[in-house]
Amino acid sequence: MEDRPESQVVDSGLDETIKKLTPDQIERVVRHVMDNETSARLKVYVDTCVHCGLCSEACQTYISRDRDPWFSPVAKVKNSIWELIRRKGKVDGAFIRRMSRIVFTECAVCRRCSMYCPFGIDIAYLLLVGRRICSLLGVVPKYLQDTTNSHAATSNQMWVHQDEWIDTLQWQEEEAQFEIPSARIPLEKEGAEIMYSVIAPEPKILAQLLGNMSQIFTAAGADWTMPATDGWDNSNMAMYSGDFEVMGRVERLHWDTAARLKVKRIVMGECGHAFRGAVYDGPRWLGWQYPPIPMVHAIEYYYELLSTGKIKVKEKYKPHVTVQDPCNTVRGRGLGDKLRYVIDALCENFTDVSPNHEHNYCCMAGGGTINCGPPWKKSRMLSNRVKAEQLEATGAEIVITPCHNCHSGIEDVIGFYKLGMHVKFISEIMVEVMDVPENLKA
Amino acid sequence: MYEFSRGPLVWIAFVIFFGGSLYRLISMIINSKKEKVVHPYMSWKYGLRSILHWVVPMGTRNMRIQPVFTVLSFLFHAGLILTPLFVLGHVMLWKESWGISWWTFPETLSNMMTIMVVITGVIFVLRRIADPTVRYVSTFKEYLMLLVVLGPFITGLMAYYQLFDYRTIITIHMWTGAIWLIAIPLTWLSHMFYFPFTRAYMGSEFGFVRRARDW
Ligand code: SF4
Ligand code: SF4
Numbered sequence: 514m515e516d517r518p519e520s521q522v523v524d525s526g527l528d529e530t531i532k533k534l535t536p537d538q539i540e541r542v543v544r545h546v547m548d549n550e551t552s553a554r555l556k557v558y559v560d561t562c563v564h565c566g567l568c569s570e571a572c573q574t575y576i577s578r579d580r581d582p583w584f585s586p587v588a589k590v591k592n593s594i595w596e597l598i599r600r601k602g603k604v605d606g607a608f609i610r611r612m613s614r615i616v617f618t619e620c621a622v623c624r625r626c627s628m629y630c631p632f633g634i635d636i637a638y639l640l641l642v643g644r645r646i647c648s649l650l651g652v653v654p655k656y657l658q659d660t661t662n663s664h665a666a667t668s669n670q671m672w673v674h675q676d677e678w679i680d681t682l683q684w685q686e687e688e689a690q691f692e693i694p695s696a697r698i699p700l701e702k703e704g705a706e707i708m709y710s711v712i713a714p715e716p717k718i719l720a721q722l723l724g725n726m727s728q729i730f731t732a733a734g735a736d737w738t739m740p741a742t743d744g745w746d747n748s749n750m751a752m753y754s755g756d757f758e759v760m761g762r763v764e765r766l767h768w769d770t771a772a773r774l775k776v777k778r779i780v781m782g783e784c785g786h787a788f789r790g791a792v793y794d795g796p797r798w799l800g801w802q803y804p805p806i807p808m809v810h811a812i813e814y815y816y817e818l819l820s821t822g823k824i825k826v827k828e829k830y831k832p833h834v835t836v837q838d839p840c841n842t843v844r845g846r847g848l849g850d851k852l853r854y855v856i857d858a859l860c861e862n863f864t865d866v867s868p869n870h871e872h873n874y875c876c877m878a879g880g881g882t883i884n885c886g887p888p889w890k891k892s893r894m895l896s897n898r899v900k901a902e903q904l905e906a907t908g909a910e911i912v913i914t915p916c917h918n919c920h921s922g923i924e925d926v927i928g929f930y931k932l933g934m935h936v937k938f939i940s941e942i943m944v945e946v947m948d949v950p951e952n953l954k955a
Numbered sequence: 016m017y018e019f020s021r022g023p024l025v026w027i028a029f030v031i032f033f034g035g036s037l038y039r040l041i042s043m044i045i046n047s048k049k050e051k052v053v054h055p056y057m058s059w060k061y062g063l064r065s066i067l068h069w070v071v072p073m074g075t076r077n078m079r080i081q082p083v084f085t086v087l088s089f090l091f092h093a094g095l096i097l098t099p100l101f102v103l104g105h106v107m108l109w110k111e112s113w114g115i116s117w118w119t120f121p122e123t124l125s126n127m128m129t130i131m132v133v134i135t136g137v138i139f140v141l142r143r144i145a146d147p148t149v150r151y152v153s154t155f156k157e158y159l160m161l162l163v164v165l166g167p168f169i170t171g172l173m174a175y176y177q178l179f180d181y182r183t184i185i186t187i188h189m190w191t192g193a194i195w196l197i198a199i200p201l202t203w204l205s206h207m208f209y210f211p212f213t214r215a216y217m218g219s220e221f222g223f224v225r226r227a228r229d230w
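First to last, the sequence lines map onto chains E and F.
Quick note on our numbering: the first sequence kicks off at 514 and runs consecutively.
Quick note on our numbering: the second sequence kicks off at 16 and runs consecutively.
If you are wondering where the hints come from, they were derived from the structure by calculation, not from laboratory data.
In silico BS3-like links for lysine-lysine, alpha-carbon gap of 25 angstroms or less:
| hint | chain 1 | residue 1 | chain 2 | residue 2 |
| --- | --- | --- | --- | --- |
| 1 | E | K591 | F | K156 |
| 2 | F | K48 | E | K556 |
| 3 | E | K823 | E | K937 |
| 4 | E | K556 | F | K49 |
| 5 | F | K51 | E | K556 |
All figures in this text were calculated on a predicted structure; none of them were measured in a lab.
Model the full assembly from the supplied sequences, consistent with the hints where possible.
Okay, here's the thing in structure tokens:
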């Protein structure tokens with residue numbers, strides 16, 4: 514059971530780094546995390562688990578791999594945290610390598626399993642403790658570590674420089690003006706009602722999304738702004754690589770930026786991680802009970818625009834659509850109903866997935882798994898056959914994915930399993946079908 | 016031996032059971048305060064909502080997709096908790112020794128429930144062996160725990176049907192019962208008293224913080 518195809522994957526972030534580890538160092542780090550960074554939850558969870566395996570049916574990796582015991586959530590804990598506790602941190606580099614592979618590439622910390630364990634044991638949290646240990650030891654998949662390094666150096670995930678950032682916004686403002694001449698992307702507007710937050714893949718590879726939002730905000734008559742300085746990206750892969758110090762810095766800068774601009778609230782673009790980092794993990798690490806400024810996710814904001822009539826639909830979107838419920842906004846914020854309201858308002862022909870809402874399967878790109886990069890892609894795909902089957906059963910041609918990770922992850926699944934579908938963000942559909950008031954067109 | 020089992024052993028078992036459980040709960044509460052991210056997010060409403068869903072048979076999706084296991088599990092736990100409390104023999108003992116008494120189950124009911132515990136317990140052992148996923152996370156300890164749990168029920172039945180020498184069996188019954196009680200705070204049988212807390216915490220995380228359902 515230990516010798517699996519996955520263990521053959523070459524990743525210098527694991528292979529090279531374990532060579533430098535000493536047993537003493539491993540033990541020290543494990544003890545540090547166990548003694549200083551964990552307490553009641555870890556202990557109670559480990560003591561409560563009755564090894565019943567009921568959490569297994571929750572996990573897309575387990576179901577997709579023909580119920581291979583290795584991929585059951587409890588097995589992942591067994592092969593990482595339990596073993597570390599049992600051996601009091603006296604493990605070797607090979608163990609750390611295997612643990613790193615399990616916690617980073619075989620679990621998307623989607624937290625579905627905590628809804629299936631009768632005790633509500635937070636397995637994703639236990640595996641995040643494993644990630645933390647790997648991070649402190651420097652044994653992190655190379656591509657994922659690179660995004661964390663980028664956060665540390667530039668505060669965004671993809672090494673975007675400030676001049677490129679401003680340039681891209683201005684370029685997209687012009688693009689938006691082809692559609693709506695009065696469209697703007699107002700930079701650094703102090704006292705605006707909304708600060709709009711995006712993540713680095715937008716300026717880097719999906720810039721048109723920024724233009725789309727400019728059109729939507731303009732059509733809705735919103736008072737909004739974006740920062741011209743660092744602090745615009747809170748996608749926060751450091752949260753997932755276990756580098757909580759960098760995670761805290763990224764979140765603090767993001768909230769500081771919103772405070773500097775004196776906005777009333779932040780609208781977070783269609784990204785689940787960024788939302789989770791800003792609203793949950795970041796504030797907790799920083800010692801704040803709640804975020805200092807209200808943040809709404811794009812799904813909620815679109816719901817607000819459509820339900821109050823600020824955006825009207827000219828003619829509904831025709832193609833047959835289905836949806837991917839993002840874990841961090843549906844299981845993590847209960848936005849499933851609002852998401853369906855938005856889809857129904859925009860689209861004519863919608864078929865829901867099953868299971869859905871909180872029970873939807875993760876895209877298996879989340880939690881930093883997709884950021885582990887090409888070496889692990891095949892493993893990721895094998896871990897989400899159930900998603901392909903679920904989507905195929907809807908017979909839809911478009912999958913609406915209001916999250917960047919879901920978007921890329923579902924695109925990968927569609928390609929790998931040859932489903933012949935396409936993925937779209939909500940904003941892409943909204944700009945197509947919304948009614949732009951006449952006075953804005955001039 | 017019989018006298019010791021009836022007297023000091025019972026006391027020792029109860030002291031370890033109550034003392035140990037209390038100790039575990041208090042240290043859990045102290046540690047969870049240290050953890051800082053637990054208490055501020057606890058909510059009575061959502062905690063209780065979650066517990067309610069998870070103690071009602073078929074109240075959750077996971078129970079519904081595994082109906083056979085759910086039924087067995089509820090029968091097992093009901094028998095496990097209720098029978099020792101309401102079986103006539105125990106209540107009479109308490110009345111004799113401590114002068115307290117409450118309702119009792121009719122004998123046939125106690126008997127049926129005990130048999131049910133043993134049967135479902137044996138099915139759980141077989142499941143551990145037969146299901147590769149559960150087998151993979153089962154060690155010797157897991158099988159031993161099931162034996163510890165079933166011990167008092169098996170010997171209770173043997174005493175009831177007067178198999179072998181009654182006095183010997185009843186002594187063994189008391190010993191297995193004592194081991195059972197002592198094991199609760201010391202092993203994962205502690206899920207018995209941790210359950211409401213872990214459930215309430217996750218229920219609060221889901222309902223209060225994340226505004227979502229957890230069943
Ligand atoms: S991928 Fe999701 S369901 Fe599977 S173990 Fe990780 S958190 Fe649990
Ligand atoms: S985590 Fe929960 S469901 Fe999974 S084996 Fe442990 S007790 Fe059972």
